[in-house]
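Following the hints, complete the assembly by docking chain B onto the known chain A.
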Amino acid sequence: MQIVTTGVAGTMESSDIIIRIEPNDQEGIELSIDSSVMQQFGKQIEKVIRKTLFDLGVTSAVVSAVDKGALDCTIAARVSTAAYRASERTDYVWNGGVN
Amino acid sequence: MEFELNKIPHLSEITAIHGAFNELAIPAKAHESLAERQRNSKKLLSSIEEAIKYVGLKDGMTISFHHHFRNGDYVINMVMDVIAKMGFKGLTLAASSLTDIHEPLIEHIKNGVIKHIETSGLRGKLAEAVSHGLMDFPIIFRSHGGRAAAIETGELHIDIAFLGAPSCDPYGNANGYNRDDENGSCCGSLGYAKLDAVKADKCVIITDHLVSFPNAPFGIPESHVDCVVKVESVGDPKGIMSGATRYTKNPKELLIAKTAADVIEASGYFNDGFSMQMGSGGASLATARFLREKMINKNIKARFALGGITGQIVEMHEEGLVQKILDVQSFDLVAANSLKNNRFHQQIDASYYASYVNRGAAVNQLDFVILSALEIDTDFNINVLTGSDGVIRGAIGGHPDTAAGASLSVVVAPLLRGRIPTIVGKVNTVVTPGCTVDVVVTDQGVAVNPRRPEIKERLEAAGIPVFTIDQLRARAERIVGVPEPIQYEDRVVGVVMYRDNSVIDVIRQVKEID
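Sequence lines, in order, name chains A and B. Under the numbering used here, the first residue of the first sequence carries the number 1, and numbering increases by one thereafter. Under the numbering used here, the first residue of the second sequence carries the number 1, and numbering increases by one thereafter.
If we strip away everything but chain A, and leave its shape as in the complex, we get (with noise of 0.2 Å):
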């Protein structure tokens, strides 16, 4: 999947996750997370979000998360949707391979 412009999904609400998808000059995914709970997950946010972009063949971007304690299944919507948006796809089969 190829980032080609800014895409953004989620909210700054509790238990959500806003997530920024940009193009990357270089291959290579750039993370920045800030969230309410990064002692105690910030790994496994950045686990599910790598995960997801891998999953969607995703290797070059930039990507911020600005997190509200967002469970697993929310960060992994949040991100495909910002992915999607990015690539400027709309061609998301729901139920398909993702997650």
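Just so you know, the hints here were simulated from the structure itself, not pulled from any lab data. For clarity, every value in this text was computed on a predicted model and none was experimentally measured. By construction, the Cβ of each residue, glycine as well, lies at the ideal position given by its N, Cα and C atoms. Heads up, a few of these hints could be off.
[What the hints assert, rightly or not] Below are the DMTMM-like pairs computed for lysine to aspartate or glutamate, each with C-alpha atoms no more than 25 Å apart in a straight line:
hint: 1; chain 1: B; residue 1: K125; chain 2: A; residue 2: D34
hint: 2; chain 1: A; residue 1: K47; chain 2: B; residue 2: E484
hint: 3; chain 1: A; residue 1: K51; chain 2: A; residue 2: E22
hint: 4; chain 1: B; residue 1: K252; chain 2: A; residue 2: E13
hint: 5; chain 1: A; residue 1: K68; chain 2: B; residue 2: D443
hint: 6; chain 1: A; residue 1: K43; chain 2: B; residue 2: D377
[Stated by the list, open to error] In silico negatives: residues of chain B with every beta carbon more than 12 Å from chain A:
hint: 7; residue: E13
hint: 8; residue: E50
hint: 9; residue: V231
hint: 10; residue: R246
hint: 11; residue: T248
hint: 12; residue: D272
hint: 13; residue: G434
Below, chain B without anything else, positioned relative to chain A:
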């Protein structure tokens, strides 16, 4: 009359005989009218600075304050500013509790004015600063009962108490409300201040509402007061208390409250003439509403309600469902006005409330108490003092006192707060030991301490499903995952005392994360 004292047998054994009467040694009688005396009262001083000089504050002394003005309190900051300007150093500040508004204490700590703090709790910027290593001397956290006991035994010796009061007369009769002005500050019970006034070497009342003698009924009598200072304002009425504590509308809290009421009903302690306490917090307060319905339906009345009193308890008192109220701290204006107007709404002090060393404390007469929790662990230990990030953000209050005193302690909490599980393997800070906690009620299930098998049987007989605490923990972890433990430095920033003033846990400095 002729007599020779030293020739009368046994009189030398009586200490309270101070020689023969001497007219010249007794003070001259006053001849002024009551009105003139009050105008000239030597106890009424013109400023806090004057009062500090009068009571003889010295470096290194212990000073005390109460927290009945909660987040509207001006007294602590006002007094500490004057003390700092006068150049005093190395003081111990022994407050009944501290809150967000006391952030300016940070400067006084940095400048060496305050060396040490004892309190029930700590919040806001001051709490964060302490958790990040502000003080060399760890803060001593005591429950309301533990603090009262330490003061009674003299182990916590108060040199000077500075006690704010919403009304006072020129001789020091002080109260938590006033009868001639509806707009002034008002805090209701002065429960935590009363004991300080009795036990402190010197007691200063700070008021913004001077009334004529005698300000009866009073919370603190003039016989315990050295001097009185009138200031512009002792606190912000909006921060001191709200008009009426509202019932929560949060469906999760209502579900917890309804379940808690069902648990109480089935527990064996819901009988005519029972006694209860409701902790602060949405779910525990809402439990009162569901209990009220059950009381009406079953024609059951409570003998008394104890503790922090809210409008809900007052309402039940006024409709005859609760016969007596024992009030150490009034949580809202309805409660404060009830203390003023209802004859069987009794003001009590912190020792009467919860001390373990006096000759009888009210917590020991409790059938049940409903308490909140930040964290509960699988040994039923409760944390109400530090957040899930390890930073201090709460207060012990009467939590361990009532849990130990009540025949049935019910702890109510949501299973999850956002992504943070409430039920964990080990709480960050043990405040109330699991051996005094009987039932845990969450929105996703009830657990009963294995020490109380009869309670479990009664709940199950009433059709309430009972889980093990490990099942509740597993349920939480299945939803949110397993949180990583908080990283701490070795340095101890807070020492948590159980109500018998033994150390039950310590709070360590949180590790800085970049």
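So, going through the hints one by one against the coordinates:
With a CA separation close to 21 Å, the supplied pair K125 (chain B) and D34 (chain A) stays within the 25 Å bound. A threshold of 25 Å between alpha carbons decides the hint, and for K47 (chain A) with E484 (chain B) the separation of about 14 Å falls inside it, so the pair holds. Of the supplied pair hints, the one linking K51 (chain A) and E22 (chain A) holds, its CA atoms being roughly 17 Å apart against a limit of 25 Å. Between the alpha carbons of K252 (chain B) and E13 (chain A) the distance comes to roughly 18 Å, so the proposed pair stays at or under 25 Å and holds.
Straight-line distance between C-alpha atoms of K68 (chain A) and D443 (chain B) comes to about 21 Å, which keeps the hinted pair within the 25 Å bound. Distance restraint check for K43 (chain A) and D377 (chain B): the Cα-Cα separation of roughly 23 Å lies within the 25 Å cut-off, and the hinted pair is therefore satisfied. Every Cβ of chain A is farther than 12 Å from the Cβ of E13 (chain B); the closest lies at roughly 69 Å, confirming the non-interface assignment. Distance to chain A confirms E50 (chain B) as a non-interface residue, since its nearest Cβ pair spans about 48 Å, more than 12 Å.
No Cβ of chain A approaches the Cβ of V231 (chain B) within 12 Å, the least distance being about 40 Å, so the stated non-interface status holds. The beta carbon of R246 (chain B) is kept farther than 12 Å from every beta carbon of chain A, the shortest such distance being approximately 21 Å. With a minimum CB-CB distance of about 16 Å to chain A, T248 (chain B) clears the 12 Å threshold, and the non-interface call stands. Non-interface call for D272 (chain B) relative to chain A: holds, since the shortest CB-CB distance, roughly 43 Å, exceeds 12 Å.
Chain A leaves G434 (chain B) outside its interface by the beta-carbon criterion, the shortest separation being 22 Å against a cut-off of 12 Å.
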